[in-house]
Amino acid sequence: MARPAIRHTRREFLKTSAALAAGAGATLPFAAPAVGQRPKLVYWCYQFLKSSDDARMNFAQEWAKKNNVDLQVTLVPLKEFLPKITAAIEAKATPDIVESNAVELRGRGQLLDVTDIYQKLEKTYGGWVGNAHKFMLEPDRRVHHIMFGFQGFMLMTRDDLIREAGLTPPPATWVDMLAYAKKAQKLPRVFGLGIPVSNQTDSQVWEDMMKSYGARLADGAGKRVILGDHKKEVWEFLDYFTDVWKSGVLPPGVTTWDNTMNNSTFQSGKVVFILNPITLSLWLEENNPELLAKTGHYTYPRGPKELVHPVTFGSRAILKYTKVPELAKQFLWDSMEPGKMDREYSVSQWGPVLKAYLPFDVWKKKPFMKGLVEMSLRGEPQGWPDVFNDAWREQFTNTTISRMLQRLVVDNWSRDKAFVETLDTLNRIYAKYA
Amino acid sequence: MAITQRSATVVVPVGAAPRGARRLPWFRREALEGIGLLTPTALILFGLVLYPFFYAIWLAFTDKAVGSPGSFVGLANFRYVLGAPQFSAALVNTAVLTVSAVAIKFVLGMAVAVVLNQQIRGRNFFRAFLLLPWVMPAFVVYLVWRWLYDPLSGLINYGLLDLGLIGSPIAFLSDRSTAMASVIVAHCWRAFPFFAISFLAGMQTIPQEMYDAAQVDGAARWQQFRHITLPSLYHIIGVVLMLSTIWTANAFEPVYLLTGGGPSDATVVYTLLAYQMGMVNMRLGEAAAVSMLFLPLLVGLILVVTSLLQRRAH
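In order, the protein sequence lines correspond to chains A and B. FYI, this note's numbering numbers position 169 of the first sequence as 169, with every residue one higher than the one before it. FYI, this note's numbering numbers position 207 of the second sequence as 641, with every residue one higher than the one before it.
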């Protein structure tokens, strides 16, 4: 008795389900026309400083509302960007627009050509500031990402402690910086230099220092490693580094610091000098204005040969897989509008990229923001005087130069041994991209 | 119930079969039925385990980078990885971390399980409390440990300095001689509750009469533990050790969050190396080659653990 009843019920169930599904399918296009018509845009927003992130997020939301776009915004911290975008590309589930410094994606042919937006911005807003064009223009004059701000490390100093020690900030050279640090530090509470010598990318400021001694990683084409030809300059730099290490100005633990530890050490008043973006100053402005008042912001000190002060940047790019390229380009264009950028710069760590942004009041209102304009006008692309390419980037993320320094002070290797290993690593990396 | 269903499948087709159709012999029908039942499982197994596994092997022989299809490059990735300065360090460190951490967790877990198996006051509270490190998110645990180890503001250094045991702060994570040990301690703290709870569960299934009888025969506590508790737990120990060996060898967070593989290459492990090559440098072929090169080590470790335990159990 039970079996026929079950069979009957199942059939009934199937019939009813099919009827319902057909009915729902037939009525869906009429039931929600608005959903069907609204284009969808997925935007990965760079996450770093909350006030700045909020400003960009809010603009994006307002823009989406105004343009009737179904916008999905995701905040992605810089450190997670590469793993996430790697997974997204491989899973073929990419966002339409990303905020990053995008170069690694450009090199791998993942970005849409936005030369038209670049040219339109240049024409409309009086041209690009400083070396911004070098960051975007490729050898074939094409552009794949639009910069919205310069960002870079500055020398941040405890001017109060330096003056207490009878010195005048800022130090002019790296050697002066060490001398200042030795004199101004108050051990064991306050150390001279808060610079990591670890496997994190912030440690690569040592590479900039090494280059200011005249060393170069690769030739002018960025293809062949020539560090071996600069052994004399490297040795001079290593003399300097050894002095730094032995003088006790570095706090204990710098060989495993991550990219936040220099910030937190400065925030807690435990170091005289750090090299950091002004995000720290923006944090101090809200949370510790007293310490901010004692803090100076300067360009890098010089090396014996030259001043090497490369800067990084924030930019937006469109993934080539987007189904709404014109809409994404519209977003890129609208997001550079001067009124919007004025509001955004006042709460951000970015320096100006277009000449129309230079007259903004924000650069005059806050003393530490003046340094940003100077940096934007003079800053050279990351890696400079080497060529910023995939090979340079891989050696940078591998913290090659910092690893060489760690071989000396952690593993007690001889200079020659550490240098040979570094050359070998560089050669192997550059050979892959030659 | 099973019989009813089985008879139904036999009876219904016979009645419905067209005249003249050949009836399959029973063993064929059983075989078809078996294949039908196994197919979904086989498909899932293939899709979720075998395909990714063989795809990873294939990747290791290609120059696959993010966004590019990749082409066959033979053993180039293996040559590159084997030549990387961090590779040999990662090999040694992975083995050291796995063997030491599993051993410590085993001893610690067993000791705690034995204590919590006694009639002690607040036993239920301690049993619940025990799980705390294991249920906390890994990144929280390791960030707390990083702060504890910090030479400038860490609690451990404060304590040692206050007690006069050291004259100046120790950079636990930044000194080659203490970095790996510090990582192991933090990892063991987080992971030993799994051992303790598993052993405790096993101990509770051992009949009390066995201990009573041993006591009557004059067996001391240690002898009871050695001749009753341990043999009764062999299968649980086997499973726990095997799982823990796999988890520890694949552990990424402790090293990534505590030391980033440093100082120098003192704590770099193979998962960190694969992450660096695959996710940071976007060279998936090289990352796959790292994993493939470490596969024999992992399989070897697991085989050693399981064979040792099986021998003991028999």
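Calculated directly from the structure, the hints in this document are not laboratory data. Predicted model only: the values in this text are computed from it and were never measured. Hints are supplied without guarantee of correctness; some may be wrong.
[Claimed, not checked] Now the stretches of chain B that chain A is said to cover, found in silico as 3 or more residues with beta-carbon under 8 Å:
#, stretch
1, 466-476
2, 534-541
3, 685-697
4, 723-735
[As the list claims (entries may be wrong)] Pairs of lysine to any residue residues, derived as SDA-like cross-links and limited to a Cα-Cα distance of at most 20 Å, are as follows:
#, chain 1, residue 1, chain 2, residue 2
5, A, Lys366, A, Pro289
6, A, Lys432, B, Phe512
7, A, Lys186, B, Pro585
8, A, Lys432, B, Arg513
9, A, Lys432, B, Val714
10, A, Lys182, B, Leu586
Every residue gets a Cβ at the ideal spot worked out from N, C-alpha and C, and that includes glycine.
Query raised in the report: Can you name, in rising order, the numbers of the hints this structure does not satisfy?
Result: 1, 2 and 4
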